[in-house]
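S.K.: I would like the entire structure built from these sequences, with the hints used as guidance.
Now for the letters of each chain:
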Amino acid sequence: CGKKFLETLPVDTVTEDDFYKTPADAYQALVSAYSVLNWDGYGNIALTSEIASDDCFGGGGNSDNGWNQWDKSIKMNDLNSAAWTKYFTGIYRANVFLQNIDKVKFNGDDATKKRYTAEAHFLRAYYYFDLVRMFGNVPLLTKPLEPGNYNIPQTSADSVYSLIASDLKQAAADLAPTPYAGIPKGESGRASKWAAEALLGRVFLYYTGYYNKPDIAGVFTQTDAIAAIEDVINNSGYSLVPKYNNLFRASAESTTAYAGQNNQEGVFTIQYTYLGMGDQNQNNGNRVQVMIGIRGQVLAPYYKGWGAATVNEALYHSFAPGDSRQSASVISVDGEGFTSAYAKGDQAMYTGYFCKKYTPLKDKNADDLGGSFQWDNFDNYMVIRFADVLLMGAELNLAANAGKAQQYLDKVRDRAFHDQAHRITLSSKVQIMDERRLELSLEGQRYWDLLRQGTAVAKQSIDNTSANPQFNVSFRTATNGLFSIPETQINLSNGTLKQNKGWE
Amino acid sequence: CSLAAAAPPALHAAAYNGKAYTLPVKQTLTGRVLDAKNGSPLPGVNILIKGTTRGAVSGADGSFAIQADPGEIIVVSLVGYNKQELQVKGLTQMTIRLTVSSTGLDELVVVGYGAQKKKVVTGATVHLSNDDLVKNHSVSVEQSLQGQVPGVQVTSNSGQPGDAMKFTIRGIGTNGDSRPLYIVDGFPAEDISFLNPSDIASVDVLKDAASTAIYGTRAANGLVMITTKKGRAGKMSVSLDASYGLQNPARKLDLLNAQQYGNIMNEAYINSGGVPPYSKDSLAKLGAGTDWQKAATLSNAPIQHYSLGLSGGNEHSVFSSSLSYQGQQGIMGLPGRSNFERTSFRINSEHKLYKDLIKTGENLTYAHTRQRGIGTGNIYNNSIRGLLNASPVFPVHNADGSYGKSQTATDEINPIGAIDYTQNNKTITDRLIGNIFLDATIINGLTFRSEYGIDLSYNYNNAFIPVYVLGANNSNLHSSASQGMYRNLTWNWDNTLTYQRTFGKHNINLMVGTAAKKYEGYNVGGSMTDLIIADFDHAVISNGRNDSTRKVYGTRSTNALQSYFSRVLYSFNEKYLLTASLRRDGSTRFGANNRYGYFPSFSAGWIATNESFLHTNWLNFLKIRGGWGQNGNDRIGDFRYLATVNSTYRYYYFNGEKSIGASPDKIPNPDLKWETSEQVDLGFDATLLKDVTVTFDWYRKTTRDWLVTAPIPDLVGTGAPTINGGNIENKGIELGINYTHQFGEVTIGVGGNIAFNKNTVISIPNQEGVLHPSYNGVLSSNMDEYYRAQNGMPIGYFYGLKTAGIFQNQQEIDAYTTKGGKKIQPDAVPGDVRFVDLNGDGVIDGSDKTEVGDPNPKQTYGFSLSAAWRGFDLSVLLNGVGGNDIVDGTRAYDRSYNNYTTAIFGRWHGEGTSNTMPRVTLGDEPNNNYRRFSDLYVHNGAFLRIKSINLGYDLKKTLLKRWPLEQFRLYVSGLNVFTFTHYRGLDPEVGYGIDSWSSGTDLGYYPQPRTILFGLNVKF
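Sequences listed follow chains A and B, in order.
Heads up: the first sequence at position 144 corresponds to 144 in my numbering, and the numbers run straight through without jumps.
Heads up: the second sequence at position 602 corresponds to 602 in my numbering, and the numbers run straight through without jumps.
Just so you know, these hints were derived from the structure itself, not from any lab.
Please note that a few of the clues may not be correct.
[Claimed, not checked] Pairs of lysine-lysine residues, derived as BS3-like cross-links and limited to a Cα-Cα distance of at most 25 Å, are as follows: (1) A:Lys103 / B:Lys666; (2) B:Lys957 / B:Lys235; (3) B:Lys405 / A:Lys362; (4) A:Lys21 / B:Lys658; (5) A:Lys185 / B:Lys658; (6) B:Lys50 / B:Lys355; (7) B:Lys118 / B:Lys405; (8) A:Lys21 / B:Lys666; (9) B:Lys235 / B:Lys352; (10) A:Lys75 / B:Lys822; (11) B:Lys83 / B:Lys50; (12) B:Lys50 / B:Lys117; (13) A:Lys72 / B:Lys822; (14) A:Lys344 / B:Lys280; (15) B:Lys823 / A:Lys501; (16) A:Lys364 / A:Lys185; (17) A:Lys364 / B:Lys551; (18) B:Lys802 / B:Lys819; (19) A:Lys459 / A:Lys75; (20) A:Lys364 / B:Lys658; (21) B:Lys518 / A:Lys4; (22) A:Lys143 / B:Lys666.
[To be verified] Which stretches of chain A does chain B cover? Using the computed rule of at least three CB atoms under 8 Å from a CB of chain B, they are: (23) 81-91; (24) 182-195; (25) 479-493.
For each residue, glycine too, the CB sits at the ideal point set by N, CA and C.
M.R.: See below:
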């Protein structure tokens, strides 16, 4: 046998040397970064933060402690490792793309190169924003790590936010201003100029609120934020779905009235599918849905799930009479006539209320479609809704242009109540925060909205005492609301990573 | 035979054909050779005139003819018999009676690429004959070796027919695959499930690196050299072996019946602050309830074995062939769900093409196996675990024949229904394995041998899932079928050139060779749902109706190895022995930087009893030997060194339209190199008082540069590289003693072996010095890490909290404080476990965890006893392990309604009632009695097992004397007769572990059957 006998190459993967050459390669590299958006379940920040907020308890089964840990700030083994891994994987894939994009021959098609690059910047910022909100103190990686050199110390949140803001600014600048109506169906869920601008607004409000800063390190100011949000409101083509109920499949008036998975209100929407067909490794299904579904039973029209994130009764009662958002957001077991049909079984922290937005439905359930109810729920998640953009607009304009702020708020409330009789006169930020709680309930915003008002506000809202000790919750001020960094990751860092305060 | 052929010509006598071939005119001496014990003729005996090259071989009737002069000495030898030297006194008809050798010193034993007389072997090897193997009546060769070789540990992962065994030689030396390499008639095989133990002539286990280094990269975990039966010139010999046995579980877990269960559950609810679910009335009505174990036990499950052998030949060609069938039904599950069948045909033959100078032949086996099994895997696929955990308060079947449903919890499922619905799968394998060879003597003493072999297997698997509803969250709405097919081909080509010469008292044997191996695997399969005819018989993909669920996959993989090797064997006057070897291996699994590895070895021996000053009556033979060598290991996946970009599971569906993504799947490591195992061995072999043989070995085996997935932080964002790192040491001693003696008509044999091994991890390549489990939820979905590999500790040791009894009352809880007076377990209530606050910080958490057990046995041992009298024979085999622990994870604590064994009656239920077992709860107590891993889970795993008792009688000796038979033996055997152990689980022989380096985890074990077997051996 000659030397060649031992020289083989894999048949099912390409080597790095042979990749990053064509625009198709570049697109695949970009898609790999998108595909992390779906890594879900325990790594889903919306679920984690809802349970940590005042609106939900842990729930699940009596013997489950996975969800409970967020509710009660219990430090568990490797709590949050799914989120940690997810975000760093997304960041890595975006960084690999950015590192290699100049090797690709676009043959003069600079527009495509510019668009892909902008999308990669958007995704990196998106992942970093979730990561830094949850953990506060994270290493800042702007390119893939060199082999053997993995112990990167945490950096200040300021520099992370500065990267996020500049990534998003580049995305907003380089992505085409195609209005909603002009976006091809097959590109739903792609990062757009509007998504980048809306996310900039959210990042700005969170950072300046939580860290009590006037702007993002000079990279992005209040004026910039107002301009970005105004651009989305005026030019994006996105708008409110006329009836609030029809935003969500579970609360829509009918299957035809449902606004759809990529409707006019979803400024940035994470795409899910049942096409993983029971293969849990595909990670393309919405796994939050099975978690929040009513535990272990099918109460039509709802499908079954694990009963996590049981809803706090207080949220249900916060909606004023006539507010369509109450029945659109929360399943009341008694209120919907399930009192005798419902079997509590081993449901933990049962409140009588479950999340309705994104709860799985019997109609077109994943099992029937050939997938599995565990992995293949497929309802898209609206990360940023136009209503949120309006409320951000109201908040940003509150001081400088109260009229505009009032107008944005009115739009939201008019829809919720189906009339103009329920308008309130906007005079303080607290009103906007209250409105956000109702409008965006159970969508993963509440916890962060509390934190950006300060830990005192967060503690006051989240603390809960009850005759049943199961429901006793106490916000741990010492943590500043940050989550614990997974213990295994700290151990692996050879002492480089430091645990967050209050979690040591 | 392939092995003798590569051996020195002096050992070739068996191949001589009864005719003298030196010319000087002598007189013809004729005679017969008989077995001294039973007087039967012995064919194939070598007869050699001492100091000459004249030789002959006895024929089928034991007769021979040879040219000899009076005064010359004839040397009569046959493998397994004591050699005799006789002086030729006259031209008479001689009758020579040979006695069975108890020491086997002149036996040929197989070494890498050749054979040597046992006497002059300088390595640590153990030789077993077919007789030793068949005593255990095992379906697998591995299991038949259990307890018979010091230093070899064979542990079942499950007792299900056809399930694989864990086989380690001298402790686990790697974090990867620790199986040894099997060489079957010269062909290297990674898996020997095709082999029927009754086809095997002998097994040589090579334990030390000096013996195995000639196989370089492939033998880091030791070598098992298997020789199948060969033909002999002479009359046709026919043998028939048949046995039929009945199997039953040896043990049953003593689980609570329904009423006992109801009481315990009531207590648990009360302790957890709930309302007891069973009223007095309902308790009384519960009765015995369902015995799930019994419901799934298949009593008197048959095990059968039939084998027909045919062998013979003439002076030009010899052959041996066999046709055999083995069938074993499982003892658990539902009828037909757990069984193994193997039908095999084997033919070995050898032909002389030109005199004795050029020979060719082949060894070939075809095996057809069919296997069906129930789940014996992790907590999600373990049927036995389901049976042991199900609450006894719901029926197997409802009155209408449907499966009973739990009323206790929505997520509890009927374990029998689960077997029925989810365990429909079968595997059919067709395998052709064997080699052809050419053996040529070029000039006197110089031989060339070429051997080309293949291992071709087709493996078909098929599974079916019906539409079913077992529980709210356990249902399947669409029937589905999946089918898959693998084709695996390994070819191996060895070429060796051997030069053997004696110069006076110097005997020298030089060998050089090359080897090449290539593996190619193809795999295709698919699945579809909504079958037109929804049953297992019709579970084919094309029966599916729902095209959108059609899934297909196909892969291909290949790897290759290229090797060069050489060896010198030198002996001076059969007194001083030296061996040295060197192998160079190249593997496709490494990049250009480190593709090749070198593996040297040296060993030496001194046969002290060949020194005149050591000639005593009591010490008949003593050989002192020592050796050092290195081996390599390349058993990692392919292309781990290479930077690859992968598309698997990197999809995203924009509005339901699939886009494929691609990103690097790992950090490449172009410097990846071989794992090296280095071993020193010192030992002796002795024969005392003619009948007692003693073998002793001390060894130290160090494995370094493990091929590990580097423990890198997840912030890297991609797969971890495979790196070299980690170092582990196994050291120990092994002792084997055998005694055989004939007292008149009675032959007695007693044997014993014991091995002590100490396993220590030396260095793990990270600052922490710890290798964590690949996955934590082994015992239950939320359990913390319970085993690890860590510097200074045995590999896979159990890592948890230590406990110090049960809190009897509130005062004890209040008094359990740090020095500063801080309560250590403020949330505990009486009846909860007291955990040891190891670091004294006043909090019980992960930093208080420490070693709470070791799954690696410190001792493994075996005993055998045999006796023969006239036609009767009796043998008893025992084996055991000591110094190891088992984690009993049978009961899932995260499901409060699961059943308990009656051991729960020993729980704490009031002050003074127990100091070892906490109170029962629903698993929600703040103290986390079982939710945190502690020594409560750890139990002593030592056991001694009576593995087999065989009693036989040969009718040929009495009733059938006149029949033209050699043997007509009837026997009865008991297998797995009794096990002495403190372990309370179903079986203490628990090999299970998720990582290859972890073991001793009992998640609910498929029990090994206790068998009674009746059999027949006929030869004519």
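S.K.: Does B:Lys819 lie within 25 Å of B:Lys802 when you go C-alpha to C-alpha?
M.R.: Given that 25 Å is the threshold and the Cα spacing comes to 19 Å, the pair holds.
S.K.: Given the hint that A:Lys103 pairs with B:Lys666, does the C-alpha gap stay at or below 25 Å?
M.R.: Between A:Lys103 and B:Lys666 the Cα gap is close to 20 Å, so the pair holds against 25 Å.
S.K.: Is the straight-line distance between the alpha-carbon of A:Lys344 and that of B:Lys280 25 Å or less?
M.R.: 23 Å, holds
S.K.: Please work out if A:Lys364 and A:Lys185 have their alpha carbons no farther apart than 25 Å.
M.R.: With Cα atoms ~21 Å apart, A:Lys364 and A:Lys185 stay inside 25 Å; holds.
S.K.: For the pair we were handed, A:Lys75 and B:Lys822, check the Cα-Cα distance against 25 Å.
M.R.: 20 Å, holds
S.K.: Within 25 Å, alpha carbon to alpha carbon, are B:Lys50 and B:Lys355?
M.R.: 23 Å, holds
S.K.: Is the straight-line distance between the alpha-carbon of B:Lys83 and that of B:Lys50 25 Å or less?
M.R.: This hinted pair holds, its Cα atoms lying about 12 Å apart.
S.K.: Within 25 Å, alpha carbon to alpha carbon, are B:Lys50 and B:Lys117?
M.R.: At roughly 18 Å apart (the allowed maximum being 25 Å), B:Lys117 and B:Lys50 satisfy the hint.
S.K.: Would the hint linking A:Lys459 and A:Lys75 be met if the CA-CA limit is 25 Å?
M.R.: 18 Å, holds
S.K.: Check whether the Cα positions of A:Lys143 and B:Lys666 lie no farther apart than 25 Å.
M.R.: Holds, at about 15 Å.
S.K.: Can you confirm whether chain B covers the segment 479-493 of chain A, using C-beta to C-beta distances below 8 Å and requiring at least three such residues?
M.R.: holds (count 7)
S.K.: Tell me if chain B covers the segment 81-91 of chain A under the three-residue, 8 Å CB rule, please?
M.R.: holds (count 7)
In the structure shown, a violation is registered for the earlier hint numbered 7 alone.
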